[in-house]
Amino acid sequence: MRPPIRDIAVVAFGQTDHRRTSDEQSEVEMLMPVLHEVLDATGLKTADIGFTCSGSSDYLAGRAFSFTMALDGVGAWPPICESHVETDGAWALYEAWTKLLTGEADTALVYAYGKSSPGSVRDVLTRQLDPYYVAPLWPDSVALAALQARALIDAGDTDEPALARIAVRSRRAAAGNPHAQLRGPDVPVGDYVVNPLRTGDCPPIGDGAAAVILAAGDRARELCERPAWIRGIDHRAEAHSLGVRDLTDSPSARLAAENAGAFERPVDTAELHAPFTAQEVVLRKALRIGDGVCVNPSGGPLAANPIMAAGLIRVGEAAARIHRGDSRRALAHATSGPCLQQNLVAVLEGEDR
Amino acid sequence: MTDTTKTTHKEPVAVVGIGQTKHVAARRDVSIAGLVREAARRALDDAELNWPDIDAVVIGKAPDFFEGVMMPELYLADALGAVGKPMLRVHTAGSVGGSTALVAANLVASRVHGTVLTLAFEKQSESNAMWGLSLPVPFQQPLLAGAGGFFAPHVRAYMRRTGAPDTVGSLVAYKDRRNALKNPYAHLHEHDITLEKVQASPMLWDPVRYSETCPSSDGACAMILTDRAGAARSPRPPAWMLGGAMRSEPTLFAGKNFVSPQAGKDCAADVYRQARITDPRREIDAVEMYVPFSWYEPMWLENLGFADEGEGWKLTEAGVTELDGDLPVNMSGGVLSTNPIGASGMIRFAEAALQVRGQAGEHQVEGARKVLGHAYGGGSQFFSMWLVGAEPPTR
Amino acid sequence: MTTTSRPPEVLRAPLVVEFPFTRSLGPVQSAFLTGLRERTVLGVRTTDGKVLVPPVEYDPATADEIRDLVEVAATGTVTTWAWNPRPRPGQPLDTPFAWVLVQLDGADTALLHALDAPGPDAVRTGLRVRVRWAARREGAITDIACFEPDDTAPGARRPAPHAGAFDDPVTGIVAPARLDYTYSPGAAQSRYINALAERRTVGERCPSCRKVYVPPRGACPTCGIATDEQVEVGPAGTVTTYCIVNIKAKNLDVEVPYVYAHIALDGAGLALHGRIAGIPYDQVRMGLRVEPVWTDSPTGGRFPDHYRPTGEPDAEYDTYKELI
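Protein chains in written order, with my numbering: chain L, 1 to 353; chain V, 354 to 748; chain G, 749 to 1072.
Treat the hints as calculated values from the structure; they're not laboratory data.
Mixed in with the good hints, there may be bad ones.
To be verified - Derived DSS-like pairs (lysine-lysine); straight-line CA-CA distance at most 25 Å: (1) V/K618 <-> V/K535; (2) V/K667 <-> G/K1069; (3) V/K535 <-> V/K550; (4) V/K618 <-> L/K45; (5) G/K996 <-> V/K618; (6) V/K550 <-> V/K618; (7) V/K535 <-> V/K375; (8) G/K996 <-> V/K550.
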């Protein structure tokens, strides 16, 4: 990995209020206010944006080419330079970052959205699995996360009370996040969904969207008082099958963090895309996050988990803390696939002034 | 910190490996992994590289419903040697094969990675394209099945606007199907094709005849993209990316020009600007364009600036786009002969690169130095193109 | 007629995405699934000697193509587990069971499946288990009905080489998949659909460019802002272009040939799509003036069944050429 050849920052972030259902709105109706929010924050118009990239999933929507309808909210006229990834928007941000590095664009609009409410998301996600050996058994996303949680408990890395504390801490933190779906001190730990995971260990299911604006160099300083500079960003995959992986570790997250420069200096904040409590345990270990680090001050995905946007939101939340001056150096993490198969790590910093 | 970088730091991008599968209606002998692997392995072999030489993998395909696997790249990571590497999945509808290559090219141009495997595929025989493209939407009136009916009215609009004789479409189909006979990877090999047979084939979506429509294929296409250092090690001549661009416009809007979308014009103009092309008709030697229905050849000839508005059909009619013509189009047989949807755009890009590398075999255009690869998708709204050359960019 | 919008009734309808996918297997997967039919569990040996069960075609560690099949035992050890108190549709058992990763004797990796056990207290990591074969086996992962507890000691069994050859090999599987969604079209389209129920076609005007969108989709796609002013258009309109459909669509009860047309309703900023009838298909032309025909069909009451000629003279090309 080589150091980035251009300084690029997150200069604006917006997100919807995440809710169990948004069935009174189409996807574009849900998304559009967030796009306006980040454009307004920077004073940019669609025509000023050099590159636009989004992340979403046809399977979540139950419709092929669902992203084409969302494009209506962008106002792609005159025609725009645009691309789309069929995964979490954090990877759209990565694609936009590479585009800005080439110098062909100075600003990028990145957005992501997901509505989990129309379908049964636990069943929908089974379609991600090996179509020959695994998908025919319909093992749902909570079941797979529970297998991982059990492996961690057996390895002595955690126990059920510790998992419950992660759940409580996350929802308490979310009390200060007006966009969160599940917040407050009194979210019950609940019954087992798939033992050892209880309802409290699982993310809320819901709908939401998020948007980020990236800008390069001096353009970033013009658009934002305290840009959140991307010091490094990388993502790595691991093998697909759970049976060949060590579920208690995440070598891909560690490698991505190393390549993003996360270990060069300590971070003060980490926004981790750990939809299940036990996955935070894995990520803390892999990313060497010490006790002094403020983890998921937004409440994280345990407080709001709009699938396909939740990873981008981690980057946005980390950046927003830098914008507000609450963080100087933050790590943002996004994941995709069963049991943390793919992991992205970005390191963001404020500028000394 | 100051931002002194801008375009000066862009790394030139070279294509040093190309692989495709033999495209067929149904590859019953391989899994999805086996299919993509075959193309990837051939691309690696062409570049004389191996899995450890690849820094990142960029995959594209059309809707996941075609194979019934959500985000299939997760399952394909092992087969594509992506374990421990960055892997990115692109989906921009029919243009996706082209967009995927451009996303991969950016990883090299931005100097994030040195050598990237990019691959696009579709295994349409796992389901049925008609089903995958026509999932029911509640509250919407079902009017049609398949893509042909969507595009046929635009073909009629083109005919009305230009006064083109109604035989032009059959000329394109006849040419592309003959070209396919010279391409061992093409899906359709109709050895007994005649113009009369094309013109006698049934009208499916009048004015579009059966023989003027693309098939439904299983297939994959892969390329190895690399930087100058990688190109210097290439055992075979590289193709150099001289320009590449994507443009999008909305699906439907008041004032949309379906016959010649503005996004296509803007995309081509951006590519020509990057490649310093001022007269595409004279400076570009051949084109691999995305023609799923025959009439799109004259339509794109105009949209891409090879002919004035209303004049594209005259190039086709005069034989200019024939393999031995002045501006050969779809030397490989094109989408009309091979259509694994998600891969079709990348096949255009790869075939353009094969031409400037002089490795297109029987469908080689002699002396091709600059060739355009073109893809589009959605409601004629997503465009991706690249221009590749035998010489590196001069900048 | 112009009105401002109000929040519409939220429309919902079931949306079923269902298909029996036909999956070809390739050599390794074919051997494994055929083996299950014959109560034989195969693995594959990697170049560095590990035995992967279930066998895959490409080594996850090295990306090497691997084809060296071996037979392993139908007994093994649980490496991790999770108790599923409420089985979901399609899962291996319909009574509470444990999800397990099982390392079969002779294998170095684990296989995901279900374990039939009386309760979570009966399951632990390290538990010995054996395959319970399905009574009817056809060459699929479900030929293993599930695992069940077993009292044999872990065997130090060495995997035996296996040619992977069986009579009548399974080369493909059919993988039916059904997902149920509840579709909601959103506010703008709900207003449109509700008006259609009153046999009115109501578009929405963009507050910026003033174009009228029919059907409205919630945003003016060129301005990227909400359309909110409702405008009734039509009822008559002009055929801007069309095609004659000669292919019968499965989900469509209309005889071919029929005409599928783009129709610019009077007052609309762009054409919508509809079927033309009440005129021989080969007499439809660009510029034809048409009007909607509403029927009380129990299935299709929300939109015009088709459009028919009004009898007016054809529209001049110049009047609609910008709408094509």
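Hint by hint, here is what the structure shows:
no.: 1; hint: V/K618 <-> V/K535; result: violated (31 Å)
no.: 2; hint: V/K667 <-> G/K1069; result: holds (22 Å)
no.: 3; hint: V/K535 <-> V/K550; result: holds (19 Å)
no.: 4; hint: V/K618 <-> L/K45; result: holds (22 Å)
no.: 5; hint: G/K996 <-> V/K618; result: violated (35 Å)
no.: 6; hint: V/K550 <-> V/K618; result: violated (34 Å)
no.: 7; hint: V/K535 <-> V/K375; result: holds (13 Å)
no.: 8; hint: G/K996 <-> V/K550; result: holds (23 Å)
Of the hints listed earlier, those the structure fails to meet are numbers 1, 5 and 6, in rising order.
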